[in-house]
Amino acid sequence: TSSVVEDNTKVELVSSDKCFNGYQKIYKHWSKETKCTMKFSIYIPLQLHAEEKFNAIFFLSGVMCNEQNFIFKTGFQRYASDERIIFIGPDTSPRNVDLPGDRDSWVFGRSAGWYLDSTCEPWRTNYRMYSYITRELPEIIRQNFPITGKFGMCGHSMGGNGAIVCSLRNPTLFQTLSVLAPSCNPTSWGDELIYIPYLGAENRELWKQYDALEVAKAYKGPPKKILADCGSEDEYLHLLLPDKLTEVALVNRNVEVELHMREEYNHSYFFVASFIEKHIKYHAKALGTVNENVTC
Amino acid sequence: MAGASVELVSSVKCFNGFQKVYKHVSKELNCSMNFSLYEPVKANPEEKFPVLFYLSGLTCTEQNFIQKSGFQRFASEKKLIVVGPDTSPRGCNLPGDSERWDFGVSAGCYLDALMEPWSKNYRMYSYVTKELTQLIKDNFPNTGKFGIFGHSMGGHGAMVIGLRNPDLFLSLSAFAPICNPTQTEWGKDVAFKNYLGEENRAKWNIYDSTEVIKSYDGPERNILVDQGDDDEFLNTILLPQNLKAAADSNPKVKVNLRMHPGFNHSYFFISTFMADHIEHHAKILNA
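These protein sequence lines are chains A and W, in that order. Following this note's numbering, the numbering of the first sequence begins with 556 at its first residue and continues without gaps. Following this note's numbering, the numbering of the second sequence begins with 62 at its first residue and continues without gaps.
Derived by calculation from the structure, the hints in this document are not laboratory data. No experiment lies behind these values; they were computed from the predicted model shown. Any given hint could be a false lead.
Pairs of lysine-lysine, BS3-like flavour, derived with a Cα cap of 25 Å [to be verified]:
| no. | chain 1 | residue 1 | chain 2 | residue 2 |
| --- | --- | --- | --- | --- |
| 1 | W | 191 | W | 305 |
| 2 | A | 833 | W | 109 |
| 3 | W | 206 | W | 109 |
| 4 | W | 103 | W | 88 |
| 5 | W | 88 | W | 264 |
| 6 | A | 833 | W | 140 |
| 7 | W | 129 | A | 594 |
| 8 | A | 836 | W | 139 |
| 9 | W | 198 | W | 140 |
| 10 | W | 103 | A | 833 |
| 11 | W | 88 | A | 628 |
| 12 | W | 140 | A | 628 |
| 13 | A | 580 | A | 833 |
| 14 | W | 129 | A | 580 |
| 15 | W | 140 | W | 88 |
| 16 | W | 84 | A | 628 |
| 17 | A | 833 | W | 139 |
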């Protein structure tokens with residue numbers, strides 16, 4: 556059996572603001588994966604009765620974000636309230652962990668954890684965002700909040716790559732998947748900036764496990780759909796490469812990709828705000844039709 | 062085309078329109094100012110839109126409203142231009158202008174200051190009512206129908222400006238407004254005292270919407286006011302009950318004051334009721 560400290564899923568309320576017919580809350584907790592205090596946002600609709608439970612969506616944010624951006628800049632709460640769905644917004648990297656070089660690049664280190672488990676020094680102790688998102692945080696949510704156990708995943712930019720990776724590698728845990736302006740193939744441009752420092756130059760096979768395109772190519776699980784929206788004027792389109800994702804779907808029958816390119820929209824939260832309603836409705840409907848995930 | 066010019070700073074598509082930010086050199090404020098402007102996509106090249114002005118609260122710039130309020134969806138649906146000025150002159154570096162969050166920079170109070178060193182730059186009342194409205198008329202596809210709303214200090218500003226210029230602003234609403242600043246410690250000891258001066262007490266009431274309502278004799282006004290009952294500033298600075306009492310005694314002014322259990326002063330509150338306010342303005346401005 557594990558010690559009390561190892562299995563500690565205690566959370567502490569930081570703030571709670573009424574928003575539509577629910578509460579936008581922020582919690583903090585000690586993370587055993589990232590070995591630091593982490594914050595996450597959670598939007599919880601008002602329970603109609605004490606036993607009511609909700610389906611839950613994880614929203615993974617992009618580089619330079621923390622747990623604040625999503626809750627202020629997308630207007631998602633209106634739709635989460637209407638659809639009566641919980642929304643969880645984790646941070647994008649460990650916090651208050653000072654490591655040399657962690658602020659040298661806006662795509663690496665602080666606020667750019669890339670939802671992977673690092674294997675290299677000095678990152679490997681704290682930069683374990685993959686395990687944080689797929690193992691620790693779902694358990695914390697289960698222990699503390701009124702959920703059905705059905706999870707979906709949504710992400711923007713770096714969070715789009717993270718959402719696809721986390722969901723395809725854990726298909727019965729994160730049952731529905733959608734992305735906005737997703738980074739689809741970061742290993743094609745991020746070798747020096749991201750993968751070599753986090754995972755090492757000698758381990759390119761490991762890189763593929765954290766690349767949406769590579770994970771989708773190799774995916775052999777139950778049929779999975781990826782709903783994707785991307786702006787046609789997105790300033791990072793040449794790095795996001797959403798068309799590559801649609802190509803995978805042509806050769807891997809287990810993956811369906813519905814990609815919409817949206818005229819004149821860019822990479823910003825103004826774009827996310829314009830399409831988040833559609834994504835929330837998609838998850839709400841799709842989660843309503845899947846069976847509950849049976850976990851211990 | 063006559064009139065002052067504006068320079069586009071940014072333009073980003075949002076719903077069925079563009080969220081823009083402009084800058085210009087302000088004659089009233091003697092400095093460069095930014096303002097946001099949301100412009101719906103035109104159905105045809107001749108199309109013109111009513112214009113809604115939104116005044117922000119203490120500590121804000123022209124950025125907070127466009128990022129945090131979620132208004133664009135409704136401005137897009139109702140086809141309204143929405144203009145969001147800044148909350149004070151910028152870059153003036155006056156002594157004492159950055160010492161308090163509730164006075165000076167980001168706290169212009171939408172009045173024309175009478176006291177030194179504020180009187181040359183802190184003219185936000187004239188900026189909004191004279192300069193910005195003219196700038197919009199001259200540079201953007203507008204129908205000439207304007208409305209005004211705001212939050213907190215901006216709610217105060219919207220009501221004062223809307224009540225004193227009823228032919229210019231046809232529709233009026235507010236989120237958690239500062240309703241009776243001359244009765245608050247903040248107004249008496251900080252904002253009005255420093256901007257307007259103790260010796261000019263007689264001129265304070267024209268910047269207090271409760272007082273303006275008491276002597277209001279213009280066309281009938283219908284003001285929507287939303288207020289959270291869990292608002293940390295409710296009893297110290299906001300005082301909506303005073304506004305309601307003044308309106309109840311004046312048949313020309315109707316105040317629909319809606320108190321909302323559990324809501325506080327934040328943008329989470331504003332975003333929850335934004336749709337209702339846009340609807341309120343659209344009904345009047347699109348008529």
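Structure-based check of all given hints:
A distance of roughly 28 Å separates the Cα atoms of residue 191 of chain W and residue 305 of chain W; the hinted pair therefore is violated under the 25 Å criterion. Restraint check for residue 833 of chain A and residue 109 of chain W: not satisfied, since their Cα atoms lie roughly 29 Å apart, outside the 25 Å limit. The suggested pairing of residue 206 of chain W with residue 109 of chain W holds, with an alpha-carbon distance near 10 Å, which does not exceed 25 Å. Using a Cα cut-off of 25 Å, the hinted pair residue 103 of chain W and residue 88 of chain W is violated, with the two alpha carbons roughly 31 Å apart.
Note on residue 88 of chain W and residue 264 of chain W: the hinted pairing holds, with a Cα-Cα distance of about 23 Å set against a maximum of 25 Å. At roughly 21 Å between alpha-carbon atoms, residue 833 of chain A and residue 140 of chain W fall within 25 Å of each other, so this suggested pair holds. Between residue 129 of chain W and residue 594 of chain A the CA atoms are separated by roughly 20 Å; this keeps the pair inside 25 Å, and the hint holds. Restraint check for residue 836 of chain A and residue 139 of chain W: satisfied, since their Cα atoms lie roughly 23 Å apart, inside the 25 Å limit.
As the CA atoms of residue 198 of chain W and residue 140 of chain W are separated by approximately 17 Å, the hinted pair is consistent with the 25 Å bound. The hinted pair formed by residue 103 of chain W and residue 833 of chain A meets the criterion: a straight-line CA distance of about 24 Å does not exceed 25 Å. A threshold of 25 Å between alpha carbons decides the hint, and for residue 88 of chain W with residue 628 of chain A the separation of about 33 Å lies outside it, so the pair is violated. Between residue 140 of chain W and residue 628 of chain A the CA atoms are separated by roughly 21 Å; this keeps the pair inside 25 Å, and the hint holds.
Simply put, residue 580 of chain A and residue 833 of chain A have alpha-carbon atoms about 23 Å apart, close enough for the 25 Å limit, and the pair holds. About 16 Å separates the Cα atoms of residue 129 of chain W and residue 580 of chain A, which keeps this hinted pair within 25 Å; it holds. Under the criterion of a C-alpha separation no larger than 25 Å, the hint pairing residue 140 of chain W with residue 88 of chain W is inconsistent with the structure, at around 30 Å. Only pairs whose Cα atoms come within 25 Å are accepted, and residue 84 of chain W paired with residue 628 of chain A is accepted, the gap being roughly 23 Å.
For the proposed pair residue 833 of chain A and residue 139 of chain W, the alpha carbon gap of about 20 Å is at most 25 Å, so the pair holds.
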